[in-house]
Amino acid sequence: MQRETQSLSRLRKAAPNSLPRPDGELEALERAWAPPKGWRRLSAVNNTQVGLWYIGAALLFMLLAGLLALMMRTQLALPQNDLIGPTLYNQLFTMHGTVMMFLFAVPVVEAMAVYILPAMLGARDLPFPRLSAYALWAYLIGGLMFFGTLFFDAAPSGGWFMYPPLTSYEYSRGIGADFWLLGIGFIEISAIAGAIELIVGTLRTRAPGMSLGKMPIYAWTMLVVGAMIVFGFPPVIAATLLLEIERAFQWPFFIAARGGDPLLWQHLFWLFGHPEVYIIFLPAAGMISTMVPALARTGLVGYRWVVAALIGVGILSLGLWAHHMFATGIPQLSLNFFSAASMAVAIPTGMQIFAWIATLWRGNVQRSTPTWFLLAFFASFVFGGLTGVMLAVVPYDWQVHDTYFVVAHLHYVLIGGMVFPLFAALYYWAPLVYGRKLSERIGTWACALMFSGFTVAFLPMHLTGLLGMPRRVHTYQAGLGWDALNLVSTLGAFTLASGIALVFVDLALSSRRTRPERPNVWHAGSLEWLPQGAYGVRSIPRVEGQYPLWDNPALAPEVQSGQHYLPGTATGARETIVTSPIDASPQYLLLVAGPSWLPLLAGAGTAAFFLFLTVKLMLPAALGGVIALVACWLWLWQTDRGPVHAPVDIGGGITLPVYASGSVGHSWWAMVVLLLVSGTILSALVFAFYYYWTIAPGPWPPAPDTLPAWPWPAAAALLCAGSARLLRRARQALDRHAHRGLRAHLGIAALTSLSAWMIAIHGQWQAGSLATAHAFDASVYALLSYQGLFVAVVLIMAAYLLARSLAGVLDGIRRVSFEVCRLFWLYTLWQGVFVLAVIYGSAALAGAT
Amino acid sequence: MRAAMTGAIVAAVVGCGQDAHRGAVLAADARAGQAALYAYDCGVCHRIPGVAGAHGAVGPSLEAFGKRIYVAGRLPNTQAMLVRWIIDPPAIDPLTSMPAIGVDEAHARDMAAYLLSLR
Amino acid sequence: MHVARSLIAAALAAGLTATAGAAEQSVHAPASAAAQSIHELGIAMYIGAGVITLLVVAAALVAIARTGRPVRAGWFVLGGGIVLPCAVLTLLLTAAIMVGDALSRTALAPVARIEVIGHQWWWEVRYLPPPAAGTELGRLLARLCGAGVAERARAARDDGGAVRAIVLANELRLPVGYPVEVELTTRDVIHSFWVPALGGKIDMIPGRVNRLVLHAERAGTFRGQCAEYCGGPHGLMGLVVVAHEEADYRAWLANQAEPARKPAGDLRVQGQAAFLRAGCDECHTIRGTSAGGARGPDLTHVGSRRTLAAGTLDNHVGTLAGWIADPQNVKPGNRMPPGKGLQGSELRALAAYLASLE
Amino acid sequence: MSVSIGSRLLLLTGGLLIWAGLFLFSYILAALACARGFADSAWLGVGVVPLGLVLAAVAAMAGLLRLIRHARRLGARVQHARRLDDTAGVSADVARMVCLLAAIAIAWHVLPVLISGTHC
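Protein chains in written order, with the working numbering: chain B, 1 to 849; chain H, 1 to 119; chain L, 1 to 358; chain W, 1 to 120.
These are calculated hints, taken from the structure and not from any lab test. Please note that a few of the clues may not be correct.
Not close to chain W: a few residues of chain B, all C-beta gaps over 12 Å, as computed [to be verified]:
1) Gly24
2) Lys214
3) Leu335
4) Ala478
5) Leu480
6) Leu491
7) Ser561
8) Leu623
Restraint ranges, calculated between C-beta atoms of paired labels, are given here [to be verified]:
9) His762/B with Ile115/W: 38 to 46 Å
10) Met618/B with Ser304/L: 21 to 29 Å
11) Ala102/L with Ala42/W: 18 to 26 Å
12) Ala58/L with Tyr27/W: 55 to 63 Å
Examples of chain L residues toward chain B, derived with CB under 8 Å [to be verified]:
13) Ala58
14) Ala87
15) Leu91
16) Leu92
17) Val99
18) Arg187
19) Pro337
20) Gly341
21) Gly344
Positions of the beta carbon are idealized from the N, C-alpha and C atoms, including for glycine.
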């Protein structure tokens with residue numbers, strides 16, 4: 001704190017750099033950031049390029065999934081229609097839901113952040129541009145193949161929440177369900193990559209002076225969303241792992257006859273599924289909080305209330321999961337807790353809505369296409385939110401759960417709460433891409449068509465549901481009062497589709513008439529409207545308020561002429577400033593990675609590995625895996641460049657080092673985020689382990705003699721502790737520049753880590769425990785296998801560090817690789833001890849009582 | 001009882017001239033027939049345009065039925081013959097799989113009117 | 001447009017009550033106290049939601065239409081965002097808890113027990129052999145069913161076990177005015193039992209037994225449907241619930257407890273022969289004959305049922321024939337194989353035989 | 001620095017973390033009470049489960065009060081020091097607002113226990 005305050009006081013002066021700027025400074029900057037040309041463009045990693053591709057890919061999936069919706073609406077237009085049979089229809093709604101939720105909604109909000117967030121924070125790029133590129137390629141290639149299964153009659157048909165046992169090997173024999181699990185795998189990868197970028201990006205790459213209290217609401221939102229991904233995605237990662245293992249190896253996690261429980265899947269899925277809804281909605285809310293002040297030409301009313309509301313939604317959303325399970329027969333007592341939490345989450349959402357209305361009220365609103373989309377948002381989202389409150393009323397939910405009322409509700413909150421704001425955002429931020437606004441006329445028409453089509457399609461669906469129509473039915477009997485309502489909904493769906501098509505026409509027409517500059521067409525106050533090149537802003541602005549462009553009207557010319565921080569490139573490479581997380585005082589210069597084919601290769605390799613594995617082509621799968629692994633290795637090899645340059649003067653009397661190790665470094669932060677994710681996945685698996693305990697009717701563990709005698713786990717735990725100690729020795733050797741000692745300790749530590757795991761698993765095995773026998777054994781093996789995965793990564797890391805040491809690129813100063821790997825390694829060891837304690841400790845405890 | 005009634009109708013129809021029963025002679029409502037075809041679930045076995053859920057493949061498709069020359073391959077396709085067939089198929093063809101499902105005459109007439117309007 | 005939309009929302013409340021009478025599967029045509037209380041809760045919420053939406057949209061419209069004026073953040077965010085929803089939601093939550101509480105407490109003292117087992121894609125309904133005659137439940141049941149039925153049902157349990165009990169498919173009959181406990185389980189995947197006129201739904205989950213008390217307060221026929229997606233033709237998994245006055249119910253139950261009628265007339269005798277020749281008995285039971293299959297529905301009194309193929313077709317000799325001949329067309333994916341190899345006249349005879357099993 | 005951002009995030013989210021703790025406690029208690037059948041057991045005429053839940057809620061509310069006082073002191077200190085930067089002031093305000101949300105959530109959380117008791 002003390003250091004931060006001092007450096008801040010230095011900021012309160014005139015523009016930090018003086019004019020004129022030296023010759024060639026701008027040219028050098030342009031050279032460093034020059035985007036690759038021609039077919040090499042695919043190797044681009046810069047956020048403005050990758051962000052656009054990412055948005056485009058997500059919109060493509062929206063169109064594809066939308067077409068599926070139109071097919072379904074056509075089938076449902078008439079009662080007892082036989083246009084589409086149940087087999088295809090079940091695939092259609094499964095794919096529609098899955099693609100919309102996982103391949104459109106989550107990616108598109110991350111994509112928007114990849115594109116906008118760095119500019120809004122005054123950063124030149126994201127901290128890990130290649131990670132974003134990798135996430136994009138894995139997602140795009142994997143997603144397209146996933147969608148392609150529809151053409152081979154191999155698409156999943158278990159519904160987008162895939163409840164077992166319907167989706168287990170007995171009732172879904174094809175590979176459709178495996179493809180679903182695979183498709184989700186890609187989005188898990190890209191979501192976690194996104195969370196790392198969002199958290200490290202917002203906390204560490206803000207413009208100097210942009211303290212937490214001046215951070216744009218959108219950045220706050222994406223920080224909260226990043227945290228929600230960290231705690232929200234792991235349950236579904238755990239669940240998909242368990243289901244795939246059950247399908248492939250018959251470990252009975254969800255099979256009641258062998259001690260499993262299908263409800264465990266529902267708990268894990270909705271532990272993710274409800275936060276997921278807010279992971280989709282909050283970014284939209286963040287965009288609204290950005291657009292509303294700009295359109296109303298006044299600051300957001302109640303900034304602090306809105307920040308509190310974001311935190312409120314983020315945390316409260318973790319306590320709602322069972323409101324999707326009111327009809328499963330869980331005790332009334334528990335249901336009421338979830339009912340109360342579901343109502344509590346309405347409050348922060350209401351706070352945001354009233355903050356926006358107050359802002360519009362205070363301001364002089366520009367009437368334009370984004371404004372109309374925001375109006376559509378208000379009308380539909382408020383109603384959708386209120387039907388959500390109705391669903392939180394337990395007895396009412398018993399009636400309308402799994403009916404078209406729910407279908408109507410979820411489309412009201414998702415289209416109303418996310419698609420309308422997204423389209424407002426497309427129109428609002430389009431000038432950043434096109435240099436001009438999109439067509440007002442087409443935009444207004446599109447909005448009118450979309451909103452009226454949406455209303456005609458989905459408002460009657462509430463009634464259809466109340467008249468008793470369940471969801472996910474491929475057809476329905478005539479004469480139940482549903483016929484006319486369904487026909488109307490179908491007409492509405494096509495109207496909505498025509499509105500969306502109109503937007504794409506507008507985008508296509510405008511792309512032929514782009515202009516190079518980015519005019520601040522809305523007279524907005526946030527940094528993304530500064531003049532920018534491929535390098536982002538010419539100089540990184542000093543921020544003094546929540547709306548820097550309003551606070552200092554001369555900021556744009558100052559920034560463009562190079563009067564603010566880092567007006568060129570100090571090292572000749574791509575750079576951005578890393579600042580302290582609270583007060584945003586500059587700390588060091590981050591050397592940003594440039595164009596590379598490796599992320600594309602690694603992404604394609606990852607996609608190929610999983611896809612070929614699914615269709616059981618082992619050789620190509622292995623090839624894909626090797627490609628991915630080698631590409632990642634090479635890519636990481638290039639990142640830890642060491643202090644390649646003397647400390648740099650960025651202006652205003654601030655001199656920054658170009659290399660930082662330890663807990664200041666951005667890689668260290670990324671690893672911490674990754675470990676938080678890993679720890680949460682572990683908790684989900686531990687939750688599963690104890691869950692079987694609570695539902696077990698008989699003794700627990702079910703067959704105590706299938707647990708190994710205590711020396712086995714004790715030996716394994718001791719080896720873990722020993723390995724941690726060796727790792728400490730290795731670090732001491734590194735401090736002393738003792739290379740041989742470092743290598744020896746690393747090697748032995750790796751072997752001890754491995755043998756600890758092997759002893760644990762062997763102990764379990766020789767006690768006669770079979771993973772296919774009972775859910776208890778399966779969950780023990782699941783925990784041990786999860787640990788095994790980490791040990792495998794540790795072995796690769798050890799090899800990597802040894803290779804770096806032998807190549808002479810690891811020493812007492814150039815040591816970020818070592819520190820990051822060490823963090824993961826230590827975590828793995830303690831995770832091992834914890835897993836052993838959970839399994840054998842609680843078994844002993846249960847045996848004692 | 002039903003057989004007697006059917007016999008009477010057949011007699012009446014046969015008594016008419018060939019041309020007379022080409023056109024619709026018996027009072028009937030094609031729209032009511034459409035509803036009746038749905039209500040009696042004829043679509044379980046037949047494909048019938050305009051009737052919800054009528055995409056059966058047990059019996060012949062009744063698409064463009066008005067253009068047919070014969071009913072069940074043996075009776076001339078007139079409204080009266082069709083009525084007779086609908087009411088009691090086994091009486092005409094003992095080997096048929098189409099059962100007499102108890103359609104009353106008024107409904108049968110309406111059904112026939114609708115089917116003959118399909119062209 | 002938004003105004004129109006909100007008006008619709010308000011009109012909906014009134015409209016629902018008016019039109020719902022016609023619809024057999026409507027949430028808003030209650031025939032039990034449980035469904036009635038949910039119905040009333042719903043109407044109150046529709047009106048509230050309509051009014052709130054209208055107010056918020058009006059506020060947004062006014063805000064956009066007018067030029068700027070000063071606002072106090074506290075009034076909007078604290079008043080509109082916290083105080084208002086707190087008041088409304090506290091009321092709603094209290095009402096929700098009280099209604100939910102009342103509904104889950106009606107589980108006391110049911111007079112009859114019925115087991116409903118979900119199958120892909122039909123419902124097996126078993127009338128459980130009643131408790132011993134001495135118990136209070138037994139006395140109540142004896143009064144309700146007539147001692148003879150109870151005796152026969154108990155005898156059925158004692159000889160040959162549950163297979164020989166009263167088993168129906170896709171149809172549930174209840175006595176008006178008596179609470180009946182339904183035990184819900186599944187033979188394969190998750191299903192959900194839902195008869196809107198009688199109250200909310202509850203899932204049928206492998207490894208669990210869920211219970212629901214049905215308490216019809218008026219006679220009538222109500223439609224229900226599987227509400228949890230269960231694969232394949234999930235949309236064609238309907239259920240008919242008939243609530244009878246006490247005397248009718250008693251007569252019906254007495255009839256159901258009897259074994260199947262002997263076929264009368266040549267056609268039906270031929271039909272019974274065709275039933276066995278075609279191997280229908282591998283999956284279907286007809287009590288009183290040698291047919292004892294357990295994979296498909298019990299057909300002992302199939303002729304008395306209102307529908308075929310789980311609420312998909314009305315039940316008469318024509319639909320029986322069509323269903324037997326080509327079940328995959330009627331309900332694609334279901335487990336019944338097509339009736340190939342039957343002569344046309346045999347099919348007719350088989351249908352006539354089954355239709356006669358009333 | 002990392003310590004500082006950690007404690008700052010803890011301050012901002014503290015109120016709702018208390019709620020989350022209460023929620024987790026109640027969820028486990030309810031699940032065990034219903035699965036192991038002690039939901040209706042009483043101790044000196046007071047139900048064990050409702051007593052546990054209400055006591056936990058009271059403790060949570062007390063925790064919120066402490067947190068609010070802490071945040072107010074932080075805010076006052078910032079105002080007193082007339083620091084130009086308002087990060088601490090914003091954080092203190094946000095922390096208190098989050099506590100308000102948590103208080104509402106906790107009140108609603110115990111409402112069902114008070115109205116209908118803890119039968120399963």
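Status of the hints after comparison with the structure:
no. : hint                               : in the structure
1   : Gly24                              : holds, 36 Å
2   : Lys214                             : violated, 8 Å
3   : Leu335                             : violated, 9 Å
4   : Ala478                             : holds, 42 Å
5   : Leu480                             : holds, 35 Å
6   : Leu491                             : holds, 41 Å
7   : Ser561                             : holds, 26 Å
8   : Leu623                             : holds, 41 Å
9   : His762/B with Ile115/W: 38 to 46 Å : violated, 55 Å
10  : Met618/B with Ser304/L: 21 to 29 Å : violated, 58 Å
11  : Ala102/L with Ala42/W: 18 to 26 Å  : holds, 23 Å
12  : Ala58/L with Tyr27/W: 55 to 63 Å   : violated, 40 Å
13  : Ala58                              : violated, 10 Å
14  : Ala87                              : violated, 11 Å
15  : Leu91                              : violated, 11 Å
16  : Leu92                              : holds, 7 Å
17  : Val99                              : holds, 5 Å
18  : Arg187                             : violated, 11 Å
19  : Pro337                             : violated, 17 Å
20  : Gly341                             : violated, 25 Å
21  : Gly344                             : violated, 24 Å
When each numbered hint is compared with the structure, violations occur for hints 2, 3, 9, 10, 12, 13, 14, 15, 18, 19, 20 and 21.
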